[in-house]
Amino acid sequence: MITTAVQEREHYLNAGYGLKSWLLTKDHKRIGLLYLATITLFFFLGGAFATLIRVELLTPQGDLVSSETYNKLFTMHAVAMIFFFMIPSIPAVLGNFFLPIMIGARDLAFPKINLLSWYLLVAGGLFSLFAMIAGGVDTGWTFYTPYSTSYSNGWVIATALGIFIAGFSSILTGLNFIVTVHRMRAPGMTWFRLPLFVWSNYATSLIQVLGTPVLAVTIVLLFVERVFHLGIFDPARGGDPVLFQHLFWFYSHPAVYIMVLPAMGVISELISAYSRKPVFGYSFVAFSSVAIAVLGFLVWGHHLFVSGQSLYAGLVFSFLSYFVAIPSAIKVFNWTATLYKGSITYHTPMLYAFGFIGLFTVGGLTGLFLAALGIDVHVTDTYFVVAHFHYIMVGGTIMAYLGGLHYWWPKMTGRMYPEGWARLSALVIFLGFNLTFFPQFILGYLGMPRRYHAYPEEFQVLNVLSTAGASVLAVGYLMPMIYFIWSLRYGKIAPANPWGATGLEWRTASPPPLHNFDETPIVTHGAYDYTTVMGEEIEVG
Amino acid sequence: MTGNGHTNIDSVKTYVFVLLSLLAATIFTTVVAYVDLGPFSVVVALTIAVCKMLLVALFFMHIRHSTKLTRLVVAGGMLWLLILLTLTMSDFLTRGILGVPGK
Amino acid sequence: MAEHAQAESLALRVQFDTAEQQKDASTLGMWIFLITEIMFFGGMFAAYTVYRTWYPTVFAVASTSLNAPIGAANTCILLFSSFTMVMAVRAGQLGHQKMIVLFLVLTLLFGFAFLGVKAVEWNEKFEEHHIPGQAAFHLEGLPATQQGNAQLFFSLYFAMTGLHALHMVIGAGILMVLIWQARKGRFHAAYYTPVDVAGLYWHFVDIIWIFLFPLLYLIDRHLGK
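Read top to bottom, the protein sequences are chains A, B and C.
Take 10 as the starting number for the first sequence in the numbering used here and just add one per residue.
Take 71 as the starting number for the second sequence in the numbering used here and just add one per residue.
Take 52 as the starting number for the third sequence in the numbering used here and just add one per residue.
Worth flagging that the hints you see were computed from the coordinates, not collected in a lab.
A portion of the hints provided could be inaccurate.
[Stated by the list, open to error] Using 30 angstroms as the maximum straight-line C-alpha spacing, the simulated DSSO-like pairs for lysine-lysine come out as follows: (1) Lys-169/C <-> Lys-121/A; (2) Lys-83/B <-> Lys-149/C; (3) Lys-501/A <-> Lys-286/A.
[What the hints assert, rightly or not] Listed next, the stretches of chain C that the computed footprint assigns to chain A, with coverage defined by at least 3 CB atoms under 8 angstroms from CB atoms of chain A: (4) 100-114; (5) 255-265.
Positions of the beta carbon are idealized from the N, C-alpha and C atoms, including for glycine.
Between the sequences and the hints, there should be enough to build the whole structure, so can you do that?
See below:
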């Protein structure tokens with residue numbers, strides 16, 4: 010509807026200029042962009058560590074770095090990626106930006122707390138960055154005791170404190186989203202008219218609020234153990250290191266659902282928009298998000314199968330772990346059914362959505378292998394596990410994140426990205442990803458342990474393939490960096506609804522006005538009602 | 071209307087009564103701890119604690135007058151604590167009963 | 052009346068449509084925060100449950116080294132503080148500005164009293180050599196083989212009461228801010244939400260202590276010693 014040039018109209022980006030207008034903003038859209046910048050930095054930091062890991066693994070000998078340094082590399086790779094990239098990514102960037110708009114609100118319930126969340130992430134990041142620069146930490150991102158409490162000489166406390174602080178960022182974002190969805194929906198926006206992206210972020214917020222505090226207290230216990238030698242996990246005094254693992258994984262398993270649920274929400278939006286069809290089985294998909302959030306809390310012991318946990322508990326957790334796959338499978342079936350007889354177009358976001366469905370399915374199915382006690386005993390702590398979670402985290406979440414970024418880029422910036430380059434980079438990423446991680450399934454199954462920088466000769470070919478894939482993947486990730494920045498100046502001006510999609514965000518201008526809407530919308534139909542969409546799809550090459 | 075105390079202002083008498091009940095329960099739980107109840111000591115102590123918690127929550131925290139959502143939130147929190155405690159104990163109570171995986 | 056409406060609209064933030072929506076959101080937000088606190092303390096309660104189940108006699112002996120009457124008295128102090136806190140909220144509901152200040156100050160004083168007693172108790176533990184992790188640790192009534200297990204009890208004692216005390220200190224800080232604001236006439240019948248949500252926090256910290264007291268101080272006291 011708005012076709013005038015971006016510069017003539019007032020919107021959230023030109024509502025104020027200067028550093029203070031960004032660093033003291035209460036606008037959820039600006040805060041989303043602040044997060045975008047921050048997590049991108051941490052993504053490349055984590056990527057740098059990954060590069061060093063893959064280069065080391067080109068040769069069977071541990072010849073690039075010492076064992077201790079290698080331990081630091083994989084630890085810091087994971088810490089940077091998980092806590093400072095993956096967990097914030099979709100909720101804090103896309104969720105922050107779009108959740109209020111999607112429900113027809115002017116902002117989140119607590120805008121100042123939203124800004125505080127960003128500052129907490131930055132503060133936590135700085136602590137952890139300091140630890141990395143000062144010498145690093147070598148315990149693994151899992152910080153298992155007694156190594157982390159009694160023997161490691163690395164910067165355990167600083168890193169753990171950084172994660173602790175970032176945890177509060179996550180908790181406050183979750184709290185904000187929950188209150189917002191409950192109390193700030195526009196007139197007529199009932200729960201079952203909400204976009205599935207909102208449902209996913211809501212379910213994610215439940216996990217953030219219920220799980221992260223346990224991580225926080227675990228870090229507190231780690232801290233007092235290491236600093237004051239209290240003895241809570243000390244076997245010499247009758248303590249049990251496995252207790253640490255229980256407390257750690259009580260959060261860290263649901264954490265993986267924090268990382269994948271928002272991605273699933275993005276995929277629901279993309280599949281619907283680029284098939285021009287409502288999501289099949291809307292309420293099933295909505296409820297499955299909440300089911301994943303709940304069931305995800307009942308399975309953490311599958312990380313402790315060989316830790317010394319009782320076999321009985323192992324059986325219980327294995328059994329429960331199978332259940333959590335069901336709602337995820339329901340989503341995959343419903344997305345597929347959405348495609349059937351849809352009017353499909355192959356814009357970049359859709360390519361990422363297809364990539365997600367395939368790769369997430371592989372990752373998810375291999376999770377079922379791991380949930381089986383008998384198989385897990387064989388492949389635990391091997392590259393099979395590494396491949397499994399990278400298929401979901403990278404093949405799944407990061408693809409969905411990129412897909413969402415492309416889909417909503419016109420709305421956020423008022424500019425189109427270059428479609429040709431974007432499609433190419435999606436392809437490069439897909440190929441690079443599979444080349445990196447598929448060999449790792451084979452390596453793991455053949456017995457190559459994880460977290461080792463030296464390995465038997467016969468594994469070299471697969472490792473070289475994996476490293477080659479990683480370099481392709483790196484190129485693939487650099488390309489959007491470049492063309493997104495390019496598009497800010499040179500991209501085609503975006504209309505309000507370039508994709509002809511449904512959703513309140515497409516009813517307002519690109520970029521949106523400061524308070525999102527000129528007038529509070531009144532909602533009269535469901536989230537995916539294509540019969541009422543008036544927008545034209547503009548061919549962008 | 072169930073609000074957050076908009077039209078529901080409890081009387082001072084109510085609060086005093088709750089306080090006295092809480093103080094009495096505290097004295098009671100302390101005294102009964104010295105009585106030999108065997109394994110039921112901890113059950114009694116926790117039951118009294120739960121009653122005290124309910125008094126504080128219902129009256130001092132106004133859950134009596136709160137929305138259904140608030141009660142759901144509180145119930146959810148307690149359920150989640152229960153999940154943490156129960157599933158963790160499912161390990162620590164059963165060590166050595168069935169053997170070790172992989173052996 | 053106009054004064055109230057004006058005050059209400061001054062406090063109303065731009066993202067909300069009505070003052071009631073704002074109050075509802077603030078209250079819901081605080082309740083969600085409190086359940087994060089349930090899970091935060093919950094981790095320590097889980098550790099406690101594990102070790103008390105594994106070492107019941109050691110925990111009983113260690114528990115008797117704590118002063119139950121002092122603990123009970125401290126519990127009562129905190130219960131009084133919850134009473135004065137809810138009276139402060141009630142004063143807010145009624146718009147009695149001087150009473151808001153009075154009750155908040157009383158709550159703060161009770162809070163300080165609790166912390167004072169706690170400090171004395173901790174000092175006592177230090178003098179009795181009941182600080183875990185120190186070479187001089189020794190709990191009377193237990194053989195050398197069980198001294199390590201006894202340290203577990205005290206680790207949990209200090210970790211849990213310490214975390215609780217930290218929350219009390221934060222609560223005291225919040226109360227001081229509220230007292231300052233109340234004295235400036237910030238709160239009245241149409242807007243006392245900060246007092247209300249601070250009260251929720253304060254009561255929650257009290258509830259944590261309601262559980263800590265029997266779990267730490269009253270383990271199998273009937274066994275004598």
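Here is how each hint holds up against the structure:
1. Lys-169/C <-> Lys-121/A: 35 angstroms, violated
2. Lys-83/B <-> Lys-149/C: 20 angstroms, holds
3. Lys-501/A <-> Lys-286/A: Answer holds: Lys-501/A to Lys-286/A is near 27 angstroms, not above 30 angstroms.
4. 100-114: Since 4 is at least three, the answer is holds.
5. 255-265: Violated: only 0 residues of the region 255-265 of chain C have a Cβ under 8 angstroms from chain A.
Going down the numbered hints, you'll see the structure goes against 1 and 5, while the others check out.
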